[in-house]
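J.: Quick mapping for you: the protein sequence lines, in order, are chains A and B. Going by our numbering, the first residue of the first sequence is number -11, and it counts up by one from there. Going by our numbering, the first residue of the second sequence is number 111, and it counts up by one from there.
Treat the hints with caution; some may be incorrect.
[To be verified] Computed Cβ-Cβ distance ranges for the label pairs, DEER-style:
1. S209(A) - S253(B): 22 to 30 Å
2. P205(A) - T232(B): 41 to 49 Å
3. P205(A) - P137(B): 36 to 44 Å
4. T208(B) - I198(A): 25 to 33 Å
5. S138(A) - D237(B): 49 to 57 Å
6. T242(B) - S316(A): 47 to 55 Å
7. N139(B) - D315(A): 53 to 61 Å
8. E212(B) - N334(A): 28 to 36 Å
9. T242(B) - A173(A): 28 to 36 Å
10. R83(A) - I203(B): 26 to 34 Å
11. I(-10)(A) - S253(B): 17 to 25 Å
12. T208(B) - R319(A): 50 to 58 Å
13. R83(A) - T242(B): 23 to 31 Å
14. E212(B) - H206(A): 34 to 42 Å
Hint data in this document are derived by calculation from the structure and do not stem from the laboratory. Everything numeric in this text was worked out from a predicted model, so none of it was measured. Glycine is no exception: its CB is placed at the ideal position from the N, C-alpha and C atoms.
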Amino acid sequence: MIPLEFLKQEFENVERALNETLRHEYGPAGTLEYYEECVSRLAEIKRAIPVIQADDAKRISEYLVELSSLGHWKFLIERSHLGEFSWPFADELRRMATELLSEINLKGEQLKPIIHIVAAGEGYQIVYEETQVPPVSGGRRFVIVAFPRSLKHHVLLHMLFGHEVGHAALETTVAGDALLKDVVAKLTVSGPMSDETSVNKWLNANDSPIDVKSAQPHYLSEDYLNSWIVELTCDLIGLILFGPGFLAAYRAYLEPSHPNAYEVDPDEPTHPPYAVRYRMLVQAMHLLGWNKPITRACHRACRKAETELLNYILNNPYDSWATVFDDSQLRKAIRGVQTVFSKYGNLGYTRIDADILVALVERLAKRLPPLQADIDSEGRPQLTKIDISQTLYSGWIYWVGRSHFGTNGAPDFFTTNRLCDHALLQQCAVNNALDEGVT
Amino acid sequence: MAVHERNDARGAARLLASNALDCIRHPANALERAVALNNVYRMLEAYRVNAFFGLQPPKHQCPAGSQGKLSLMPPAQRHTKEVRLALEQSVTIVFGDTPKDEAIKTLEEVLRGIAYPEDFDTPSEEDRLKATHFFDEVLAHLSPA
Chain A
-11 MIPLEFLKQE
-1 FENVERALNE
9 TLRHEYGPAG
19 TLEYYEECVS
29 RLAEIKRAIP
39 VIQADDAKRI
49 SEYLVELSSL
59 GHWKFLIERS
69 HLGEFSWPFA
79 DELRRMATEL
89 LSEINLKGEQ
99 LKPIIHIVAA
109 GEGYQIVYEE
119 TQVPPVSGGR
129 RFVIVAFPRS
139 LKHHVLLHML
149 FGHEVGHAAL
159 ETTVAGDALL
169 KDVVAKLTVS
179 GPMSDETSVN
189 KWLNANDSPI
199 DVKSAQPHYL
209 SEDYLNSWIV
219 ELTCDLIGLI
229 LFGPGFLAAY
239 RAYLEPSHPN
249 AYEVDPDEPT
259 HPPYAVRYRM
269 LVQAMHLLGW
279 NKPITRACHR
289 ACRKAETELL
299 NYILNNPYDS
309 WATVFDDSQL
319 RKAIRGVQTV
329 FSKYGNLGYT
339 RIDADILVAL
349 VERLAKRLPP
359 LQADIDSEGR
369 PQLTKIDISQ
379 TLYSGWIYWV
389 GRSHFGTNGA
399 PDFFTTNRLC
409 DHALLQQCAV
419 NNALDEGVT
Chain B
111 MAVHERNDAR
121 GAARLLASNA
131 LDCIRHPANA
141 LERAVALNNV
151 YRMLEAYRVN
161 AFFGLQPPKH
171 QCPAGSQGKL
181 SLMPPAQRHT
191 KEVRLALEQS
201 VTIVFGDTPK
211 DEAIKTLEEV
221 LRGIAYPEDF
231 DTPSEEDRLK
241 ATHFFDEVLA
251 HLSPA
């Protein structure tokens, strides 16, 4: 069988497999758009095959890669099963990602990505299809959002996706371009992250903490410095997207795996030291004014609980060496993120009304989903639009400050997450109803 | 070994460049190849605006806290640095001192004009020749010796 024949055979195999996929439904958002995109790509490849010469080995190989990649995307849709992840959280993530990751095509038209959710592996990942050198047959881009299987209901931790959304957004040519100019450029205008010389001078400074000094000399190449800048930018994006709850999730999830907060990986230093990242986020919390509680003194238990949460997330035991941006730089970078978010779906955390927040937290203390469910004197429900980040902030206030609500029958962390997950589902319906003018 | 494990950006870039070249030389082909030309545009735009284009992905760039790459995810594209170098060198050879932004926009206008002749101006002969030369150079730089 000559290579060209194999290519034609492989085309038929992928076409057949794609037709089989059509029989099943995967996920509440439907798979029609996913299927249509795959079919469209197949049609492009079909158009190209007849003009390939039998001795054009390179071209045959390149189209085999395209077909293989298409087969892979088809395989991923089969991996999506309802019940393996928090549907309401996934739905919200889909909405955010659609706004931020849209492109403009050659004709000037907006092209939205196709977001697909799976549950796999142990970490949080968003994979944005080849953003630098795309396949020749590609139409709308695929974006795969992977929830960790073991944490499928842990919505309080899912806010870590904010960081991954940042990575994907930086790869786009629209939102990404704005983020590079208005955020990354501000973070690199001066200081240790500004260039290779500066970061290495900082890493090898005499006044660095003992854990950094003991591993000197350090050398960070430009490629890895760029990687650090991207990671820090994504941390900032995650915080501004999801608010203080993001930092609570960040500390809860990442601190245990960084016993040495100043460690620079000697082999693959893809991420800055945890201490640097955490200090930046705490600094940003102060600049954003999120270091102050929303609740008031009259809210007693809730006020104490929120204070305890803020103490937890603002606790900053790390050396001042780990501060790499001055306030002015960080302030400008924050404004840059907020400007981008305002243009794309009005994203970003905003502080909730104190009384509503208290109501949410108090419901959790009673083992109820944290949502507003008041009924007025005439029996009508009092509906309030509450953002996902606000619901989850109430979840963190309850969890960290739970001792102030008594321990009798108190929900554990898993149950707290389940209650918040239920609330997200119901709140999604409430928000949609309010958007459609239902009163 | 799966074919897609050889996710080589150079191959994808060659395919894009050769499609662009064919459409510029034979505009009648461009009408049916809008999808391919859109992807050429994507590559050019990514090169134009993304400061990290061609940043060689570190081997184990796992998300914070994850234990490792998800095995079912498509493999990361490799050799994007070579693609960036090919594009850079081609811009320099064809456009000289013209700023990168301006050079890329000229190329994009040519693609636009041939993909959508009813909606956009026909590219000038001078720009068409530059675009042809550019994609010729890209192919030359990406082809093995």
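J.: The structure should be examined with respect to each hint, and the outcome stated for every one.
T.: The hints, checked one at a time:
Our hint of 22 to 30 Å for S209(A) and S253(B) holds, since their Cβ atoms are close to 28 Å apart. Taking 41 to 49 Å as the suggested C-beta distance range, the pair P205(A) and T232(B) does not conform, at roughly 59 Å. Separated by about 58 Å at the C-beta atoms, P205(A) and P137(B) break the suggested range of 36 to 44 Å. Between T208(B) and I198(A) the CB atoms are about 52 Å apart, so this pair departs from the stated range of 25 to 33 Å.
Our hint of 49 to 57 Å for S138(A) and D237(B) holds, since their Cβ atoms are close to 56 Å apart. Our hint of 47 to 55 Å for T242(B) and S316(A) holds, since their Cβ atoms are close to 48 Å apart. At about 56 Å, the CB distance of N139(B) to D315(A) agrees with the hint of 53 to 61 Å. The beta-carbon spacing between E212(B) and N334(A), approximately 34 Å, falls within the hinted interval of 28 to 36 Å.
Checked against the hint of 28 to 36 Å, the pair T242(B) and A173(A) passes, with Cβ atoms roughly 35 Å apart. In this structure the hint that R83(A) and I203(B) lie 26 to 34 Å apart at CB is violated, the actual value being about 45 Å. A hinted range of 17 to 25 Å for the beta carbons of I(-10)(A) and S253(B) is consistent with their spacing of about 22 Å. For the hinted restraint 50 to 58 Å between T208(B) and R319(A), the CB-CB distance of approximately 36 Å leaves it violated.
Checked against the hint of 23 to 31 Å, the pair R83(A) and T242(B) fails, with Cβ atoms roughly 43 Å apart. Taking the beta carbon of each, E212(B) and H206(A) are about 40 Å apart, inside 34 to 42 Å as hinted.
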